[in-house]
Structure formats: C-alpha cells, structure tokens
Amino acid sequence: MTEPSRRFFEDIEVGEEYESPGRTVTEADIVIFAGLSGDYNVLHTDAEFMKSSIFGERIAHGLLGLAIQAGLFTRAAQPYATLAFLGLRWKFRGPIKIGDTIRVHAKVSAKKETDKRDRGVVTVERRVLNQRGEVVQEGETDLLVERRAGA
Amino acid sequence: MAEPARFYFEDVVLHGVLETPAMTVTEAHVALYAGLSHDLPVEPGAVPEILPLCLTVGLGWRVPQPPLAVLAFMGFEWHALAPVRVGDTIHSRSRTAMKRAMREGGVVIEERQVINQRGEVVHEGKFTFLVAKRPAA
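Those protein sequences? They're chains A and B, same order as listed.
Using this note's numbering, you'd call the opening residue of the first sequence number 100 and step up by one each time.
Using this note's numbering, you'd call the opening residue of the second sequence number 511 and step up by one each time.
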C-alpha cells in the first residue's frame, strides 16, 4: 500500500471542506476514557446519580468527543504535512450520550504566513454533529504545516 | 449514607492556585489513546497533543479538596507550546481566573498549565466550567 501523499501549505485552500465517516460512541469508550484520563467524574461514571441530572443519564467526557473527532478528521481529509499542532478554541454545545453517532464537518477557515519561510499556519473550523444533525461540539484548531521544499 | 463532599461554586476561591501530582506519560497511554480515538502519534515516541490535555483533566481531580461540582464543561482554549514525549513526567497547575454567579450555578474560568519534569510549561490554556451552587440546606 502506498502512503497517501501529504499536502503542503501551498496545496491547502481556504474554504476546503471535509466530511468524516460516523462513529457510534459506546459505554466502553467512556469507561476506557475514564481509565486512561483518570477523570471519573460522576457525569461519566455514575448511572444512578445521572438519572436525576439534567441529562438523565451518563454522558461522554467532552474531551473524549474531542479525541474522537481528531481521529475522525484523519479519516476525512488527506493528511497535511503537519509539523505541529499549535492549539485550539473549543465549545461544548450539547451532550454526547451512549449510543450517539458523531461525525465531523470541517472547513479550512484561514491560512497565515509565519516569520519562517518553510511553514505556515492553517486554521480549520470543525463542527461535531450527532445523528440528528445537532452540533454537539465546535471550534477551531491551528496547525503548523510545512511548505514545499525550495519554495 | 451521607452525601460525599463536593466543592461548590461558593467554595471556589478567586485566584486560588492548585498543584496536581505528576504522571509519567508512557507508550501504554499513547497506545490506549490511539486505539480509542484513532488520533495517532506522528512518529515513535511522540504524544498526540490532545492526550496531555486529557491527562491534565484527570490529574485535576487529584488535589487536596473535594471534587468540584461541575454541571458542564463549557469550553476551553489551549496552546501547545512544546512537545510532550513518551517518558516525560507532567503535572499541572491551575488558577481560578474568574468566577461569575448565574441563576443556575456559576461560571468558573480556570487557567491551567501543563509542566514537565524540567519545569517547562509545555501546554497552557483556559477552561470554562459551569459549577453547581451549594444546595439549600
């Protein structure tokens, strides 16, 4: 199998959009994430306590949704020649519940030159949608992307 | 059975600083994270940038006070200043930057840093939480 070719700063255009496959978030995902992160907050782990909460049941960790969308994004877009992930701004709009199927819709919103001539910053807007088309998370990520050698 | 203690909006101290214990980031963390999310490390020894963010939230509960009565994690901004590598030992430091009472609960903004074994701030950002008020006795 050949590696999909990586896309450089020059290849990426503002306005490009990507749609990922869906992924069903399971109870197992939440249990594994609690074990991995050490975040055992009752919101995610106590089914009885959550019956009387505004959500009515356990919900996925917000950062589990963020991690899953990061993985979905890699299945939606041809890989960038990313040098580094610089940061993100993120809002949790609604709960992800056990059995929900989420997908990511992403759009390149900006490209910025940097002081260094061999790289640039690509900003990608992302919306995480559930099976009803409701936005459950959204935000922007900044990626440092390589330019073509000799550019 | 008595209700377990919780740390409510009224208990949050503006500008209060909390320091967490540290944790060594291992290949096992990266493998579990990559298997769960399909957000894969870019090269051997690399740590996907979202993983330290996830670990700092877990470390944030391991402080000498009852757990914060979080109603919802509303959002955050985050900056990766330097890479975290497998074998690094990270801890986090947080400071309450703002608290504002709402009708239902209150909003708390917390500044948080992830610090490695050399004392370098590798990631930092701000978290916004909706926190429950103390229930009327």
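Hints listed in this document are in silico derivations from the structure and should not be mistaken for laboratory results.
There could be a bad hint or two in this list.
Said to hold, decoys possible - Some chain A residues close to chain B (C-beta under 7 Å, calculated; not the full set):
1) R106
2) V113
3) Y117
4) L135
5) D138
6) A166
7) I167
8) A169
9) Y179
10) A180
11) L187
12) W189
For every residue, glycine included, the Cβ atom is placed at its ideal position computed from N, Cα and C.
Verification of the hints:
Taking 7 Å as the C-beta contact cut-off toward chain B, the hint placing A/R106 at the interface is violated, the least distance being around 15 Å. At about 22 Å, the closest approach between the beta carbon of A/V113 and any beta carbon in chain B exceeds 7 Å, and the interface hint on this residue is violated. Among the interface hints, the one on A/Y117 is violated; its C-beta lies about 15 Å from the nearest C-beta in chain B, farther than the 7 Å criterion. Annotation: interface hint on A/L135 holds; nearest CB of chain B at approximately 5 Å, less than 7 Å.
Interface restraint check: A/D138 against chain B, minimum CB-CB distance 5 Å, threshold 7 Å, status holds. With a cut of 7 Å, the hint placing A/A166 at the interface with chain B holds, because the nearest CB-to-CB distance is about 4 Å. Nearest Cβ of chain B to the Cβ of A/I167: about 6 Å, under the 7 Å cut. The hint holds. The beta carbon of A/A169 comes within 4 Å of a beta carbon in chain B, closer than 7 Å, and the hint placing it at the interface holds.
The interface hint given for A/Y179 is violated, since its Cβ lies 11 Å from the closest Cβ of chain B, which is over the 7 Å cut-off. Here the hint on A/A180 is broken, as its CB sits about 11 Å from the closest CB of chain B, past 7 Å. Because the beta carbon of A/L187 sits about 5 Å from the nearest beta carbon in chain B, less than 7 Å, this interface hint is met. At its closest, the beta carbon of A/W189 sits 6 Å from a beta carbon of chain B; the interface hint therefore holds under the 7 Å criterion.
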